[in-house]
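**Student:** From first to last, the protein sequence lines stand for chains A and B. Going by the numbering used here, the first sequence opens with residue 136, and the numbers climb by one from there. Going by the numbering used here, the second sequence opens with residue 136, and the numbers climb by one from there.
Please note that a few of the clues may not be correct.
[To be verified] Calculated cross-link-like contacts (lysine-lysine; reagent style DSS-like; alpha-carbon spacing at most 27 Å): (1) K487(A) <-> K364(A); (2) K487(B) <-> K379(A); (3) K487(B) <-> K439(B); (4) K240(A) <-> K379(B); (5) K379(B) <-> K204(B); (6) K379(A) <-> K198(B); (7) K177(A) <-> K379(B); (8) K364(B) <-> K379(A).
Don't read these hints as lab results, they were simulated from the structure. Please read all numbers here as calculations on a predicted model, not as lab measurements.
Number of protein chains: 2
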Amino acid sequence: MPRILKRKFVETVQIDLGERSYPIVIAQDLLAQGQTWQALPKAAAALIVTNEVVAPLYLSAFKQALGNKYAQVHEVVLPDGEAHKDWQTLNLIFDGLLSHGCDRKTVLFALGGGVVGDMTGFAAASYMRGVPFVQVPTTLLSQVDSSVGGKTAINHPLGKNMIGAFYQPQLVVCDLATLDTLPARELSAGLAEVIKYGPIADMEFFSWLEHNMAALLQRDRTALIHAVKRSVEIKAWVVGQDEKEAGLRAILNFGHTFGHAMEAGMGYGNWLHGEGVAAGMVMAAELSRRLGMVDESFVLRLRKLIEQAGLPVRGAVIDAQDNAGRYLELMCIDKKSEAGEIRFVLIDGPGKAVVRSAPDALVREVIDSCCA
Amino acid sequence: MPRILKRKFVETVQIDLGERSYPIVIAQDLLAQGQTWQALPKAAAALIVTNEVVAPLYLSAFKQALGNKYAQVHEVVLPDGEAHKDWQTLNLIFDGLLSHGCDRKTVLFALGGGVVGDMTGFAAASYMRGVPFVQVPTTLLSQVDSSVGGKTAINHPLGKNMIGAFYQPQLVVCDLATLDTLPARELSAGLAEVIKYGPIADMEFFSWLEHNMAALLQRDRTALIHAVKRSVEIKAWVVGQDEKEAGLRAILNFGHTFGHAMEAGMGYGNWLHGEGVAAGMVMAAELSRRLGMVDESFVLRLRKLIEQAGLPVRGAVIDAQDNAGRYLELMCIDKKSEAGEIRFVLIDGPGKAVVRSAPDALVREVIDSCCA
C-alpha cells in the first residue's frame with residue numbers, strides 16, 4: 136500500500152502544556168515504521184520496557200524500527216499484570232538502565248498497556264531524576280486514557296497508584312493495529328474509559344457510542360479511530376487546563392473511587408481496572424441520582440451502554456461481613472479524599488461532572504443496592 | 136532572652152524559582168518555636184521523618200512546636216546512615232503516610248541530615264504524585280548543601296542517588312543550635328561542602344575560611360552563621376539559574392565524581408559523603424593542574440584547608456588489583472557522564488569551575504598519585 140494512502144488516516148491530537156507539550160499520533164501500522172520515531176531527541180541509547188505478553192507480538196519489529204535512530208536499543212521485559220505494578224518490578228527497569236550504563240539522555244519507550252506505561256513513566260521520571268520517555272500504548276485502555284496526560288505511578292499494598300509522579304512523555308503513538316491482538320475482555324475494559332468521557336463531558340459522543348458499540352466490539356477500524364481520537368481530545372482538553380489535578384482533572388476519575396476500592400479490596404488483578412471503573416460508574420451515577428443530580432433514565436441509559444460493552448454493571452462484594460464499611464475504608468485513602476472526607480466524581484446533569492462529598496449513609500445505601 | 140534580641144540574628148536567603156521559590160531561614164533556636172512554622176500551608180496533618188540518632192535530641196520539642204499548627208503530627212523514625220538510603224527504608228515513609236490515612240495536603244518535615252532530607256524529599260515528590268515538604272537540616276552538610284535546591288534521591292546498588300526527583304521544599308529552616316550535638320567527624324564532613332564553594336565560585340570566601348577554620352571547628356556561632364549563609368547564597372545563585380542541572384548546576388558537584396566512586400566502591404557508609412568529596416576535591420584539583428588550568432600553589436592551598444578541616448586529602452583505595460580501573464568503571468555511571476564519557480568538574484583558575492572530560496590515561500595518573 137503506497138505510503139500516501141496510509142498517511143491519510145493519521146490523526147494527531149496535541150497536548151498543550153507549554154514547554155511540556157507533545158503530540159498523540161493515532162493511526163495503524165505506526166510502530167514498525169522508522170519515520171514514526173524520527174523527530175525524537177537524539178541519544179546514544181533507547182530502552183524499551185514491555186511485558187511478557189506484548190514482547191512476542193511486537194518487540195522484534197519495534198526494536199528494528201528504533202535501530203534506525205539509536206545506536207543501542209535495550210529491552211526490559213516485565214511480568215504481566217496489575218499485581219506486578221510494584222516496586223520490585225519497577226526496580227527491574229532501574230537494573231536494566233544501570234547495568235547497560237544508560238545515561239540521562241537515554242529515551243525510555245513504554246510498549247504495552249497501562250501497567251507498563253505507568254511503570255515506565257515513573258521509572259523515566261525517577262532515573263537520574265528524569266530522562267525522556269515515549270508512550271506506545273498497545274491496549275485500548277492505555278490509548279484512550281492512561282498513556283495521555285503524564286500520570287505515572289506504582290501501587291502500594293495499602294492503595295493503588297499511591298507512589299508516582301506527574302511526568303509528561305515526549306510523544307504518544309497509538310498504533311490501532313495492536314488492538315487486533317487484544318483479548319475481548321481487555322477491549323471491553325478499555326471501552327469503560329471511552330464510555331466515561333460521555334457523562335463527564337460530551338453526551339453527543341455518548342450517543343455516538345450507543346449507535347456504534349457493536350462496531351467497536353467488532354474492532355471496526357473507522358469506529359475505533361473515532362473513539363480513540365474523541366477520547367484523547369477530551370482528555371487533552373482537561374489535562375491542558377489542570378495538569379496536576381488541582382481541580383478539574385479529577386473528573387477523569389468518574390467511576391474510579393468505587394472502582395479503586397474494588398480493585399484494592401479484591402487484590403489487584405482479579406478485576407481489570409476498566410471492569411472496576413465500569414461498575415464504579417454505575418454506582419457513582421446512582422449516587423448522583425440519589426442526590427437529585429440526574430434522573431433514573433440517565434442511570435439506566437449508562438447502565439445499558441456499559442452492559443452492551445460486555446462490562447459488569449454491579450459492584451463486587453469485597454467483604455462478606457461489612458461490604459459497605461470496607462468500601463468506605465478503602466475509599467478514604469483515595470488520593471482525592473481530603474481530611475478523611477471522600478470526594479466523589481458525580482454527574483450534575485448528563486455531560487457535566489462535579490467533585491463533591493456525600494453523606495456516608497447515602498453512600499452505604501448505594502453500595503448495598505449496587506453490589507452483587 | 137527577649138525575642139527581639141534573638142530575631143536580630145535571623146538571616147534569610149531566597150531561592151528564586153518562580154512559583155517554586157522559597158526562603159531559607161538561618162538562625163539559632165528556630166526549631167522549637169511555633170512561629171517558625173506559622174506561614175506554612177494549612178493541612179490536617181504533618182508527618183515528621185527523622186532518624187534514630189536525631190529523634191531523641193529534637194523530635195519531642197519539634198512535635199510540640201508543630202502541634203500549634205497541625206491537628207495531627209505523625210512521625211517516622213528511620214535507621215541512621217547512607218547505607219539505609221534505599222527503597223526499603225523509603226517505603227517506611229510511605230507505610231507511615233498510608234497507615235495514618237494522610238491525604239495529599241499532608242506536609243512532610245525532614246528533620247535530620249542529608250540522608251533524611253533526600254529520602255523525605257523523594258517521598259514527598261512521589262506520595263500521591265506530590266505533597267508539600269519542609270527541610271529542617273540538623274547537620275552542617277545538609278544546611279549548606281543538600282537541603283537547598285530540591286535534589287532528592289535514594290541510592291541503587293549500582294550507583295548513588297540514581298533514583299530521585301527534582302522537587303523543591305516549601306521552606307528550609309537551618310537551626311544552628313542543632314549543630315551543637317553534631318559529632319566532630321560530621322562537622323568536618325559538612326565543612327567539605329562549605330570549602331567547595333570557594334574554588335568553584337568565590338575565592339574571597341575561601342580566604343575567609345582559611346582565616347576562620349579554627350573558629351568553625353570550635354563551633355563559633357558568628358563564624359558558623361556566616362559560613363552557612365554564604366554557602367547557601369552561592370547555592371541559591373547557581374540553582375536559580377539551572378534548577379534541573381542542564382548545565383551550570385553541575386559545578387556544585389566539584390569533588391563529587393571521585394567522591395561518589397569512593398563511596399560506592401567502599402560500600403555506602405564507610406566514608407562519610409563529605410569525606411569522599413574532600414579527597415575528591417584534591418583529586419579534581421590535581422586533574423585540573425595536570426590539564427594546565429590551575430598551578431600547584433592552588434592545589435596545595437586547597438589541600439591545606441581540607442586538612443585543617445580534619446578531612447582526608449588522599450583518596451581511598453577501593454580495589455587492591457586495579458584501583459584506577461575500578462574508579463573509572465564507577466565514574467562511568469555518574470549522572471554527569473554522557474555516552475560513556477566521564478564529565479569532571481574542574482577548576483579553570485581559582486574561583487571558576489567548568490565541566491569537561493579528560494583523557495583516561497591522565498585520570499589514571501591522578502588516581503594513582505592521589506590514593507593512599
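**Student:** Please go over all the hints and tell whether each is borne out by the structure.
**Tutor:** Results of checking the hints against the structure:
1. Using a Cα cut-off of 27 Å, the hinted pair K487(A) and K364(A) holds, with the two alpha carbons roughly 20 Å apart.
2. Taking the CA atoms of K487(B) and K379(A), the gap is about 39 Å. The hint is violated against a cut of 27 Å.
3. Restraint check for K487(B) and K439(B): satisfied, since their Cα atoms lie roughly 19 Å apart, inside the 27 Å limit.
4. The suggested pairing of K240(A) with K379(B) holds, with an alpha-carbon distance near 13 Å, which does not exceed 27 Å.
5. For the given pair, K379(B) sits about 32 Å from K204(B) by alpha-carbon distance, which is inconsistent with the 27 Å threshold.
6. For the given pair, K379(A) sits about 30 Å from K198(B) by alpha-carbon distance, which is inconsistent with the 27 Å threshold.
7. Pair hint K177(A) plus K379(B) holds up; C-alpha atoms about 19 Å apart against a cutoff of 27 Å.
8. For the hint linking K364(B) to K379(A), the alpha-carbon distance of about 34 Å lies beyond 27 Å, and the restraint is violated.
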